[in-house]
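S.K.: Sequence:
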Amino acid sequence: MSHAWFAQRVVIVIALVVSVLALWHIAEYLLLGFGGIVFAVVIRSAGSAVARHLPISKPIASALVVLTVIGAIALAAALLGDEVTRQVSEFRSSLPGTVQQIRDRLAASQIGRAILSTVGSSVGDTLSMTWVVDTATLLLDVLADLAIVMFIAVYLGISPRPYMRATLALIPPPHRMHTQATLRACGSSLRSWLLGQLVAMTFVGALTALGLWLVGVPHALALGILVGLLDFVPVIGPLLGAVPGVVLAYLASPVTALYAIAVYTAVQQVEAMVIQPLAQRWAVDLPPVIGLLAIVVSGAVFGLPGVLFGVPLVVVLKVLVHRYWLDKQPPLPTP
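Per full-length UniProt numbering, the very first residue in the sequence shown carries number 1; after that it's consecutive.
Some hints here could point you the wrong way.
[Said to hold, decoys possible] Dumping the calculated SDA-like pairs for lysine to any residue here, alpha-carbon to alpha-carbon at most 20 Å: (1) Lys318 - Ser188; (2) Lys318 - Met273; (3) Lys318 - Thr182; (4) Lys58 - Met164.
Hints in this document: simulated from the structure, not taken from any laboratory.
Since this is a predicted model, take the numbers as computed values, not measurements.
All chains should be modelled from the sequences, with the hints used to inform the complete structure.
M.R.: In structure tokens, the structure reads:
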């Protein structure tokens, strides 16, 4: 074995290690880029549909879709903004007193006093003092990540061909056709999954707001919007979205809290048995356990972007596994 051969192998190993470490440090930003691709697929698909019915090119149609979405958001904000702002403001101002009321009610029973002694009487004060700072910091981080995702989505959605050509140029010529077909399959799966999720989110938010309003929970509209947005994250999102509503209902009365729990449970059952099967008719069939593991693992590794985009990442990985591995294996014997 020559020294040159050994030195070449050492250089290759060092280069691979450095590449892996570099990718690890920027993994969160790469996942944000993937999130931009997810929404770019929707923009491009909607633009293609518009271009089929209007005498305009796909880039112009995609730009028209972006402007239409912005206009729809602005219109919704103008129609519902005052009411949503009022309910969110009331919810925020009532939060410090909410903690104290919960402590007072817990202190009225023996079990509640045991809980308070275990958790510590200073927790409520800490929450009330740090909630505004923590919420503001989290909101700024989320808005920054959202700006990056939307920036990438708009650019890729309006003009994806240069980026597609650059990607295919890195692939050896004999494999470019298969790679292009695989990328298109990934885009189709992402489009179907995301459209199904948007439909489900809309129905879940509307049904939750209506149900909470009927049982007398305050700030029902804001709580419904919150649940609808958090429903983008399967399994975990709806559970987190139910917590504020149950707390506010409990402050009204324990019976109202039971009604609120019943509303959240009923909406989730309707989503699982009716909304999701219909909304995801065109999407890939992803088992719930796989989706939950994707959220937990990607969230532990990548933080909040991993929680948001863990499931669509698994959707893409499933397509890649099928096209590069399972489809090339011999068929299983018939039992």
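S.K.: For every hint, state whether the structure bears it out.
M.R.: These are the hints, each one checked on the structure:
1. Proximity of Lys318 to Ser188 is assessed by CA-CA distance (about 13 Å); at most 20 Å being required, the pair is judged to hold.
2. A hinted pair counts as satisfied when its Cα atoms are at most 20 Å apart, and Lys318 with Met273 does not qualify at roughly 24 Å.
3. The suggested pairing of Lys318 with Thr182 holds, with an alpha-carbon distance near 11 Å, which does not exceed 20 Å.
4. With a C-alpha separation of about 15 Å, the suggested pairing of Lys58 with Met164 holds against the 20 Å cut-off.
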